[in-house]
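Trainee: Line by line, the protein sequences give chains W and L.
Take 1 as the starting number for the first sequence in this note's numbering and just add one per residue.
Take 1001 as the starting number for the second sequence in this note's numbering and just add one per residue.
To be clear, the hints were calculated from the coordinates, so they are not data collected in a lab.
Each hint should be verified, as a subset may be incorrect.
What the hints assert, rightly or not - 27 Å max Cα-Cα, derived BS3-like pairs, lysine-lysine:
1) L:Lys1045 / W:Lys19
2) L:Lys1042 / W:Lys23
3) L:Lys1039 / W:Lys23
4) L:Lys1045 / W:Lys23
5) L:Lys1042 / W:Lys19
6) L:Lys1042 / W:Lys13
The structure presented is a predicted model; accordingly, all values stated were derived computationally and were not measured.
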Amino acid sequence: QVLLVQSGAEVKKPGASVKVSCKASGYTFTSYDINWVRQATGQGPEWMGWMNPNSGDTGYTQEFQGRVTMTRDTSITTAYMELSSLTSEDTAVYYCTRSERGGGVHFDYWGQGTLVSVSS
Amino acid sequence: DIQMTQSPSSLSASVGDRVTITCRASQSINSYLNWYQQKPGKAPKLLIYAASSLQSGVPSRFSGSGSGTAFTLIISGLQPEDSASYYCQQSHTSRAFGQGTKVEIK
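Kindly produce the complete structure, drawing on both the sequences and the hints.
Mentor: The following block contains the structure:
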């Protein structure tokens, strides 16, 4: 079955960076995009961007442009999301999620989420 | 950017009720609209994609309709396990989510 398994919770200080991993299994890793979504407590989900694991192409929302980097290691079917210059407003649960390419994109499988806490 | 507006922000209904949640886009998104259900401490779960297609394994009491700028999620016969937050998401340009509707059981 399709599984996306994320790395564990992180505690970071303001100004630091965090790198979250997402291990994919149960499907052909390079055939689906990986998207990253974050959700602060009590808020709705916020889409951060996407990555094509086959080509490495990425697209980031304006809010995160310049501060987020999405990468992958196809040999171990793992995607990564690195967010830099952290502030307390980056405290949230971060999810990886899979989507098909083309029109009508939807997120059919999700990781379990990784809590990132930013505090001095 | 296309803005997604959900209503209501919360509702309370009884088991067996028909529940309607609305999502409006600030400009046409054709049928590029998805619906998700999220329970506390869990990742969102895809219910409906492309406005009206039921995701595999989702109970048939969930249905979606609409196109252009106005969309609806209907729960026909609310069940206790449907207590959750529901989010719409447009996939026409970005992948932005609506602000959510919290459904509680009376």
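Trainee: For every hint, state whether the structure bears it out.
Mentor: These are the hints, each one checked on the structure:
no. : hint                : in the structure
1   : L:Lys1045 / W:Lys19 : 24 Å, holds
2   : L:Lys1042 / W:Lys23 : 18 Å, holds
3   : L:Lys1039 / W:Lys23 : 23 Å, holds
4   : L:Lys1045 / W:Lys23 : 19 Å, holds
5   : L:Lys1042 / W:Lys19 : 21 Å, holds
6   : L:Lys1042 / W:Lys13 : 26 Å, holds
Going down the numbered hints, you'll see the structure goes against none, and every one checks out.
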